[in-house]
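Chains A and B are the protein sequences, given in the same order.
Numbering follows the working numbering, with no gaps: position 77 of the first sequence is 77.
Numbering follows the working numbering, with no gaps: position 87 of the second sequence is 1087.
Honestly, I wouldn't trust all of these hints.
DEER-style ranges, computed between Cβ atoms [claimed, not checked]: (1) A:Asp139 to B:Glu1184: 54 to 64 Å; (2) A:Gln68 to B:Glu1184: 34 to 44 Å; (3) A:Ser135 to B:Arg1104: 53 to 63 Å; (4) B:Cys1178 to A:Gly95: 27 to 37 Å; (5) A:Glu182 to B:Gly1193: 28 to 38 Å; (6) A:Ala33 to B:Asp1006: 55 to 65 Å; (7) A:Gly95 to B:Glu1184: 49 to 59 Å; (8) A:Glu184 to B:Gly1193: 58 to 68 Å; (9) A:Met1 to B:His1197: 29 to 39 Å; (10) B:His1197 to A:Arg71: 17 to 27 Å; (11) B:Gly1193 to A:Gly171: 37 to 47 Å; (12) B:Ser1029 to A:Thr34: 51 to 61 Å.
Hints were generated in silico from the structure; no laboratory data involved.
Backbone N, C-alpha and C define an ideal beta-carbon position, used for all residues, glycine too.
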Amino acid sequence: MVLRMLDIGGGSVLAGAREGNTAQERMLREVLATFSEVVEIDFAGVEVATASFLREAVFGLRSALERQGVRTPLIALNAAPAVEDDLTLVARTLGTAIVSASSEQPSKGRVLGVLDEAQRAALAALRDAGEASASELHDRVRSDPPVQVTAWNNRLSALASKGVAVEVRHGREKRYRPVLQELEYGR
Amino acid sequence: MQLTFDAVDDLAFAVVRKIRVDAHVTKLSPEHLGPCLEYLWLRRSFPLPSLRHAPQTPVLEILQRFVEAGAPISSDLTLTRGRDVEISRVPETPGSPQWIAFLRRVQCAAAARGHNSSVAAGFAGAVGEMAANAIEHSMRPSSALMGYRTGADGFEFVVADCGIGLRASLQQCAEFRCLSDPAEALTLCIQEGISRHGVGIGRGLGFAEVFRSLANLNALVRLRTENQALAIEGRSVGPLAGVPTERPFVPGFLISIHVEPQGVGATT
Chain A
1 MVLRMLDIGG GSVLAGAREG NTAQERMLRE VLATFSEVVE IDFAGVEVAT ASFLREAVFG
61 LRSALERQGV RTPLIALNAA PAVEDDLTLV ARTLGTAIVS ASSEQPSKGR VLGVLDEAQR
121 AALAALRDAG EASASELHDR VRSDPPVQVT AWNNRLSALA SKGVAVEVRH GREKRYRPVL
181 QELEYGR
Chain B
1001 MQLTFDAVDD LAFAVVRKIR VDAHVTKLSP EHLGPCLEYL WLRRSFPLPS LRHAPQTPVL
1061 EILQRFVEAG APISSDLTLT RGRDVEISRV PETPGSPQWI AFLRRVQCAA AARGHNSSVA
1121 AGFAGAVGEM AANAIEHSMR PSSALMGYRT GADGFEFVVA DCGIGLRASL QQCAEFRCLS
1181 DPAEALTLCI QEGISRHGVG IGRGLGFAEV FRSLANLNAL VRLRTENQAL AIEGRSVGPL
1241 AGVPTERPFV PGFLISIHVE PQGVGATT
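Construct the complete structure from the given sequences, taking the supplied hints into account.
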């Protein structure tokens, strides 16, 4: 699912928390109305989206979805450098992350924000595996000291809550895969 | 002679000391938006003479219609003089067409003065942030104004309100409940991550947007709240560059930014 921020925000300069809140409400209605594995927020044409706006619109949308029990990852698409800067600022301030990608290379993305060392290791392992469960990564990745299944589960769950991994249910088993095939961390 | 911030301070201090300044006011031309707005705000607290007898300028004409008119003014009202000066009430309805159109005009006006597209968009974003702050934090959203002016001397934008001021706003946060010094409140408010909602929770990012919009530019930023003024001037100004100084009391909060002119096609 693609949400065009230029249409939702109404202009190429998007500023202010209350404007962001209005955008969040509009996007929330659309996302809840249609099931999507991933939601792409397309920033094409947006020249400036201030940190306050993005905090409410994008990260506020994620929080609102989680309150509804929906853990659909959000991807920022075609964000201008200034918008990416503010996405990074907000993500770091909130201790979270978001994936940024471009329509020209839709399978490739960059993680903006904060992943701790364990989460980065989990992302690297998940990239290598393509898709895996916590117990599979426990069997696959050797480390000293060994990382227990519970710890892998926590790391993978954290990646999912930060929108970096997608949770895929197979019966009672929780499996994960990176939200995009090629993901690098940081800018 | 122009009505500058220094002149405004001198006139206000003189009136506090009960010195008549009527003759001086008639000689000062109110050409800049920031000082003129600050003067009119000061008139709410002090018996400063009306600017009716000052040289009439586009800035003064518009501001007088907003501030000194007796009748209530529609929240949708935008007043302009050509494309060079515009003042608008900040719309209280988020996402309103007036809001979006105004920010677009700020951007176009800045671009017409030689700023590149991203810089001009940054100014519009900064105005938007300050205006949104006025609605959210002043507790008197109907008093919030935003405006811009372009001229040979550069690009200017202002946001002002007659609300509770920065200190009273911050005091709504438990961490700052005992904040008694308006100078400290002013210094705190412009730091990144400080908000009446709390510290380090992803709020308080609006002033950072203003300073980021001025990166690599020569500018003057003037902030006024209660009996404090903070002027930060220079290239790539930031929140740590200024020290508040005591001035006569103004209600609410005002921020004025004056950016020096850029050459046409200059990259910034």
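A quick look at each hint next to the structure:
The hint said 54 to 64 Å for the Cβ distance between Asp139 (chain A) and Glu1184 (chain B), and at roughly 57 Å that hint holds. At about 42 Å, the beta-carbon gap between Gln68 (chain A) and Glu1184 (chain B) stays in the expected band of 34 to 44 Å. A beta carbon spacing of about 54 Å between Ser135 (chain A) and Arg1104 (chain B) agrees with the range 53 to 63 Å that was offered as a hint. The given range of 27 to 37 Å is respected by Cys1178 (chain B) and Gly95 (chain A), whose C-beta atoms sit roughly 28 Å from each other.
Between Glu182 (chain A) and Gly1193 (chain B) the C-beta distance comes to about 33 Å, which sits within the given range of 28 to 38 Å. The hinted window of 55 to 65 Å between Ala33 (chain A) and Asp1006 (chain B) holds, with their beta carbons roughly 58 Å apart. The hinted window of 49 to 59 Å between Gly95 (chain A) and Glu1184 (chain B) is violated, with their beta carbons roughly 28 Å apart. Roughly 27 Å separates the CB atoms of Glu184 (chain A) and Gly1193 (chain B), a value that falls outside the hinted 58 to 68 Å.
Remark: the range hint 29 to 39 Å for Met1 (chain A) to His1197 (chain B) is upheld by a beta-carbon distance near 31 Å. One distance hint, 17 to 27 Å for the beta-carbon pair His1197 (chain B) and Arg71 (chain A), holds here, with the actual separation near 26 Å. Hint check: Gly1193 (chain B) to Gly171 (chain A), Cβ distance near 44 Å, so the stated range 37 to 47 Å holds. Separation of Ser1029 (chain B) from Thr34 (chain A) is about 59 Å and conforms to the stated range, judged on CB atoms against 51 to 61 Å.
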